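J.: The lines below spell out each chain.
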Amino acid sequence: MEQLNTLWMSTGLANFEFGQIVMMLVGCGLLYLAIAKNFEPLLLVPMGFGAILTNIPVAGFSEVGGLLHYIYYAGIDTGIFPLLIFMGVGAMTDFGALIANPKTLLLGAAAQFGIFATLFGAIALNAIPGFEFSLQDASAIAIIGGADGPTAIFLASKLAPELLGAIAVAAYSYMALVPIIQPPIMKAFTTEEERKIEMAQLRHVTKIEKVIFPLGVLMMTIFFLPAATPLVGMFCLGNLMRECGVVDRLSSTAQNELINIVTIFLGLGVGSKLSANAFLNVETLGILALGAVAFSIGTASGVLMAKLMNKFSKEKVNPLIGAAGVSAVPMAARVANKVGLEANPHNFLLMHAMGPNVAGVLGSAVAAGILLALVGQ
Amino acid sequence: MENLTQLFIDAGKLMLAGMVFVFAFLGLLIIFINQVLVKLAIKFPDPVNQNSRKKAKVKTSEQDGVSPQIVAAISSAVSQYRQKHNNKE
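Going line by line, the protein sequences match chains A and B.
FYI, the working numbering numbers position 195 of the first sequence as 195, with every residue one higher than the one before it.
FYI, the working numbering numbers position 17 of the second sequence as 17, with every residue one higher than the one before it.
Quick caveat, the hints were computed from the structure, so don't treat them as lab data.
Computed from a prediction, not measured in an experiment: that's the story for all the values here.
All the pointers check out, no bait thrown in.
Simulated DEER-style distance windows between Cβ atoms:
no., chain 1, residue 1, chain 2, residue 2, range
1, B, 31, A, 73, 36 to 44 Å
2, B, 3, A, 281, 19 to 27 Å
3, B, 85, A, 208, 57 to 65 Å
4, A, 310, B, 3, 41 to 49 Å
5, A, 65, B, 20, 46 to 54 Å
6, A, 313, B, 72, 45 to 53 Å
7, B, 40, A, 256, 24 to 32 Å
8, B, 10, A, 129, 16 to 24 Å
9, B, 34, A, 65, 52 to 60 Å
Quick reminder that beta carbons are idealized off the backbone N, C-alpha and C, glycines included.
Just chain A, with the same shape it has in the complex:
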């Protein structure tokens, strides 16, 4: 009889806690979004599955000795996984559109207002009982507005590791929702006439420009913001490998095999942070709400900046491409293109929108560096 009792006590059924069941359902929800709705499936599949694994009673996946525990501490706590992903993203990024039209960097800069405005919002939530966000927490939440998954995970692992699960889920969910969130905001801030603006064709960018560009960006980061060099440095390494033309094998590995392998582990590691006690609280709801606000403000400020530039510049910019200033490469650029085509079926904005889009990646890495430098101690 006693043996039967011991056997029963070692089953999952006897040890389930309510929170674990809810979190497993959250994991299943992420799997559903990834598989049925195709929302960021590359990350949400391992993340959702990681959430299920980490909540299995008795197995102890996220305790010392458990697989997910080591994945998290080896790759995310140290910041290695998001940085390797950033190298892969660098190897996939073509800065041609940005170099051909450098003033689109201003659009990428303006869209970062979403980050800093959300910082304010997160602090404001402290007025509601149940919320206690420190400046570090608020900074980590605000970076969701940068719409850049690896940057958000990197910063959250440094500033607020206990909020990492909720921040990563919010960041990737909203990135997947870009085609739904952005168009209404873009239309609200522009007139039909503005959406029809056609832009001049981009000039040809030579190879030497593309090779020197990542080195120049790195040099500037070294001089002015060393705190951002982990992110910017890895990004520039990936980009240099792509553009220099002598290490095609490395470039191909960084943007294919390596980034795929790291994505599996990154997803599992983030999933391990989706435990009941860390996720099932009112703060998560606050983070999800703030993430949507951050995205919306970033989109709006990019569009408004483009309109401001039109007031001072002879060469007109279609304000829709301002919305691509929130990184979310290349989804945000595609959305700008699509909304532009709705207004004028002959107006292809995709290449023009790639400029602010990759500027947004640089901008959010710089913003992350600023937050690390100012509140990271």
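Given chain A, put chain B in place with the hints provided.
T.: What follows is chain B alone, placed relative to chain A:
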């Protein structure tokens, strides 16, 4: 409450410093592109061979790019014309 006010002030300072820095950094990058990269591009243009090769490739791809439907339409029109022509004779 006082604590919250202090946090608000800190967040405000962070926002101001952050936005100024982001604009300054990316603004400097614009100057870098306009002053350094553009001059480099003029001094060291891409080798002409590559360009002509690329152009050649584009031309062939354009030729290849004629859709099979158009080719079919033209050839059927030609054969019809020939048939009519032959019938008249």
